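Chains as they are written, first to last, in the numbering used here: chain A, 1 to 269; chain B, 1 to 109.
Hints may be right or wrong, so weigh each one.
[Unchecked claim] Below, in silico cross-link-like pairs of lysine-lysine (DSSO-like), each with a Cα-Cα straight-line distance of 30 Å or less: (1) A/K8 to B/K11; (2) B/K49 to A/K8; (3) B/K37 to A/K103; (4) A/K8 to B/K18; (5) A/K45 to A/K8.
Since the hints were made in silico from the structure, they are not lab data. Just so we're clear, the structure is a prediction, and the values are computed from it rather than from any experiment.
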Amino acid sequence: MTPGMPQKLSLPGVKHVIAVASGKGGVGKSTVAANLALALNMSGKKVGLMDADIYGPSVPIMFGLGTVNPQTTPFPLQKYGIALMSMGFMVDPNQAIIWRGPKVAQAVQAFLGQIPWGELDVLVIDLPPGTGDAQLTLSQSAPLTGAVIVTTPQDVSLIDARKGVRMFQEVRVPVLGVVENMSYFVGDDGKRYDIFRAGGGQKLAAEAGVPLLGELPIDPRVAECGDTGEPIVRKYPDSPTAKAYLKLAATVIAETGKPAAAPLPEVQL
Amino acid sequence: MANDVRPTSLKREGDGLKIEWSDGVTTFATWRHIRSKCPCAACLEERGKPPDPFRVLSPQEAAAGPPAPVAMRSIGHYAYQITWNDGHSTGIYPLEQLRALSGEVKKEQ
Chain A
1 MTPGMPQKLS
11 LPGVKHVIAV
21 ASGKGGVGKS
31 TVAANLALAL
41 NMSGKKVGLM
51 DADIYGPSVP
61 IMFGLGTVNP
71 QTTPFPLQKY
81 GIALMSMGFM
91 VDPNQAIIWR
101 GPKVAQAVQA
111 FLGQIPWGEL
121 DVLVIDLPPG
131 TGDAQLTLSQ
141 SAPLTGAVIV
151 TTPQDVSLID
161 ARKGVRMFQE
171 VRVPVLGVVE
181 NMSYFVGDDG
191 KRYDIFRAGG
201 GQKLAAEAGV
211 PLLGELPIDP
221 RVAECGDTGE
231 PIVRKYPDSP
241 TAKAYLKLAA
251 TVIAETGKPA
261 AAPLPEVQL
Chain B
1 MANDVRPTSL
11 KREGDGLKIE
21 WSDGVTTFAT
31 WRHIRSKCPC
41 AACLEERGKP
51 PDPFRVLSPQ
61 EAAAGPPAPV
71 AMRSIGHYAY
81 QITWNDGHST
91 GIYPLEQLRA
101 LSGEVKKEQ
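Isolated chain B (complex conformation):
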């Protein structure tokens, strides 16, 4: 993705995020997929560990249900920060990552 490609519109659609980009491409990714790729240090470390079969969800996580954003705001000219319904909010998603994530799931024609 060229460094000058940027989103022109971002909308919640169904269970995910639809992004229209300045190069004419439209992409879509489910919130679950975006949440699973959170780039923050804590999530990166967590993903590096073997899965813990005995992990106990926090009450907030248990109450949250499927991942969904409660807020999403731009950071400078290069990223978006998502606050999730499970209370997590430290992930800052650079535009390049949002584009790559969306491409991985589904690209609308």
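This is chain A alone, in the form it adopts within the complex:
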């Protein structure tokens, strides 16, 4: 295989591969990916979660897991009914991964193609921020059903989220929709506060011609749950945030029910 040549991967047991992406870092992609995976599982789906953020993996902490011995531990790991894979399972959290792009692409391909994911209804992929190696590798070699774009309401996030949408459109991966995270905060007085401004997700969705899949409120318990290894959807299933995630999962399930694009035809040489 020539270096740089994307290897085509097939995941015969996986019905849908959904990428959770954004242009900007810090908008809550990993939180959305983890809670979406759990919400899909709570909706009766068999789900896997692959952490494609090689430099800054978040899945281990969000699921209360640490490093394991890759020589003796079979991957993917299982927690709360979800099949999990992350670079954070193999590298000490205090150690930095200092790799150039091709190594990242190789790791992403290995996670996708060499991990026995088994039979899954949905494999959620938590992407790193940006439009770089991991995104391109997945677009070129993985049978992606679609991408969910996460943004926060303010322009500084939208400007990069727009690039994420554009990237997926250029490589013809369907954008299932936009999720606006940290949309608003409901105070003790019951009033809604638009802390990071309002309407950004709606604006991006309208521009891109895709649905706004959900507006997720700010809830301090989201951070608490992430840090203690039990995502909010599971720990506080009756909270408004958990309900918003379950609604998001239902929308994603409905979107994946639409007919997928057929693969490109083979060339008769």
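Start from chain A and add chain B according to the hints.
For chain B alone, kept in the frame of chain A given last:
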């Protein structure tokens, strides 16, 4: 070209590639023309330089003869990658480019 237009069939025909598209259009481009428009970084840089009259062909290039593909495979939902008989294989041609290239050379009725 609209983003939902895609090829329905791609066939070698004579010294080139015939593509039938989902909007009913059929296009053709010679392999030589497609090779000359390789979108990879190395070829783009090469094309940006003034021609070198003293460039020496590699033995593989010299032995290859006229450009011809030895493999062509789809990349995701948006492109094809061609491996050429001169050993070059890093060019990934997006569908839009294949359509534009073909239109430039000859469009079959």
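Do the hints match the structure? See the list:
Annotation: proposed proximity of A/K8 to B/K11 holds, straight-line Cα distance about 21 Å (limit 30 Å). At most 30 Å may separate the alpha-carbon atoms for a hinted pair to count; B/K49 and A/K8 exceed this at roughly 34 Å. For the given pair, B/K37 sits about 28 Å from A/K103 by alpha-carbon distance, which is consistent with the 30 Å threshold. Simply put, A/K8 and B/K18 have alpha-carbon atoms about 24 Å apart, close enough for the 30 Å limit, and the pair holds.
Restraint check for A/K45 and A/K8: the C-alpha separation of about 26 Å stays at or below 30 Å, so the hint holds.
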